[in-house]
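Protein chains in written order, with our numbering: chain A, 1 to 160; chain B, 1 to 157.
FYI, nobody ran anything at the bench for these hints, they're computed from the structure. Every residue gets a Cβ at the ideal spot worked out from N, C-alpha and C, and that includes glycine. A couple of the hints might just be wrong.
[What the hints assert, rightly or not] In silico DSS-like pairs for lysine-lysine, Cα to Cα no more than 27 Å straight-line:
no., chain 1, residue 1, chain 2, residue 2
1, A, Lys55, A, Lys116
2, A, Lys116, A, Lys54
3, B, Lys130, A, Lys54
4, B, Lys127, A, Lys116
[Claimed, not checked] Facing chain B, from chain A, some residues (calculated, C-beta under 10 Å):
no., residue
5, Ala38
6, Ile41
7, Gly90
8, Phe114
9, Val117
10, Ile149
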Amino acid sequence: MIAEFLQWLQGTPLAVSIAEEWFPLVESLHVVTMAIVAGSIFIVDTRLIGVTSKKLGFSYVSDRLLPWTWGAFACSVVTGTLMFSSNATGYYDNAAFRVKMLLLLLAGLNMLYFQKVTFRGVSAWDLGRPPVAARVAGTVSIGLWCGVIGFGRWIGFTQS
Amino acid sequence: MSARALSNWLSSTALSQLVQTTHGAIAGIQMVHIVCLATLVALALSVSLRVAGRGLVAETLSSLAGRFIPAMWICLGLLLLTGALLIVAEPHRTITNPAFYTKMALLAIAIALTAWIASIARSRPEKRTKLRTAVAALYVLIWLCIIVAGRYIAYRI
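For reference, chain B alone in the conformation it holds in the complex:
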């Protein structure tokens, strides 16, 4: 099935029709999507700062990651749920859009790095290296790029 055919099929489904015809549904879903993304970015920034030995240093990395990373997975779950609803509601806006695939590729990297940070927080949390600091900075940058790519979906680069 081609991307165009998939897009046409998705937009004809009952769920897509429901979201499309419910007043304010897309805006409401987008709002939840953005709130989750904002929370995720702030949590990622806090954890990354802590990996680099800055930020909330009064708490150990393992303790901070133990609190923040589960919250990040919850936000990520909501992000994927609302994102999936937006794709079903407006498939023509995403499925044939390069910006959407850029966002998805960056999201995959961000998920992998979240798992990596969770693992170093469990194993050797207080070992600080330049590599860890660089990866932590990259991690925040990727989340910011996810936001930019998400916004560019509306502009079709």
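Chain A with its partners taken away, still in its complex shape:
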């Protein structure tokens, strides 16, 4: 079922044109958008850890930067899906690709837990030193996004 879908996907005219002609441009745009996603997250996370932007409230920094993160992430999902479609069976079998997807999922879960639990009490620490749970969430997030970049690059070394 999955194999049939992947075969169909990479046989679509759009996927074929990306594989034959547009892959370098789509990949470049993917790297650009991922750089904005990861870089803006690093700025927010280092504030969350309490090492940068200490004069600014955490919620202020995140409110100002995360719209850029989400915008770039949406573009990244589009370009990533287009890249995947160009060689769906190959990416599906690629271990580095699977690890990257797993790390993305963990980064999402980490953010979701932070938003639903730790962020609820933000008014108590918004301008001060964040609690341990917030600092752990920020550190884990930076680690996961470095992993996403690392394994994303590793796909290029292992993909035929």
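Place chain B on chain A using the hints.
Using the frame of chain A, we list chain B on its own:
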């Protein structure tokens, strides 16, 4: 010495051989290179937004630039170090490649504009003009083009 001869000499050096034969070294160096570039782009975007009177406006431009621009110089130093290691490890991929020289030319412009933004942040930080906003937008665009040119090194345009 021709570019080809320089490339052959570099790839025969002990450092090049070490990086080439160490499993995962090139991927690891590239990862640090990309993380530094991502951080630089986000910092450049934040500073440029502030120059244009947007983004983290609760902090003055001189204060924001005072924090972010030194971090950008550190990222830039790491970027140059890892980039130099990648050139030494795989000179045939870069030294004869037009995309590499495009990236280097754009990088030179980006460095000059970083110095310019640092100087306006010190002198007249809150003066907002259309020219400054346009240059700030151009600055972000150049960093994005550096990423694109870097990726195109692998495709040899």
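How the hints compare with the structure:
A threshold of 27 Å between alpha carbons decides the hint, and for lysine 55 of chain A with lysine 116 of chain A the separation of about 25 Å falls inside it, so the pair holds. About 23 Å separates the Cα atoms of lysine 116 of chain A and lysine 54 of chain A, which keeps this hinted pair within 27 Å; it holds. As the CA atoms of lysine 130 of chain B and lysine 54 of chain A are separated by approximately 30 Å, the hinted pair breaks the 27 Å bound. A C-alpha spacing of about 41 Å is found between lysine 127 of chain B and lysine 116 of chain A, which places the hinted pair above 27 Å, so the restraint is violated.
Satisfaction of the interface hint for alanine 38 of chain A is found here, the shortest Cβ-Cβ separation to chain B being roughly 4 Å, below the 10 Å cut-off. Because the closest C-beta pair between isoleucine 41 of chain A and chain B is about 8 Å apart, less than 10 Å, the hint holds. Because the closest C-beta pair between glycine 90 of chain A and chain B is about 17 Å apart, greater than 10 Å, the hint is violated. With a least beta-carbon distance of about 19 Å to chain B, the hint placing phenylalanine 114 of chain A at the interface is violated under the 10 Å criterion.
Interface restraint check: valine 117 of chain A against chain B, minimum CB-CB distance 26 Å, threshold 10 Å, status violated. Given the 10 Å rule on beta carbons, the hint for isoleucine 149 of chain A holds: about 5 Å separates it from the nearest Cβ of chain B.
When held up to the earlier numbered hints, the structure conflicts with 3, 4, 7, 8, 9 and fits the remainder.
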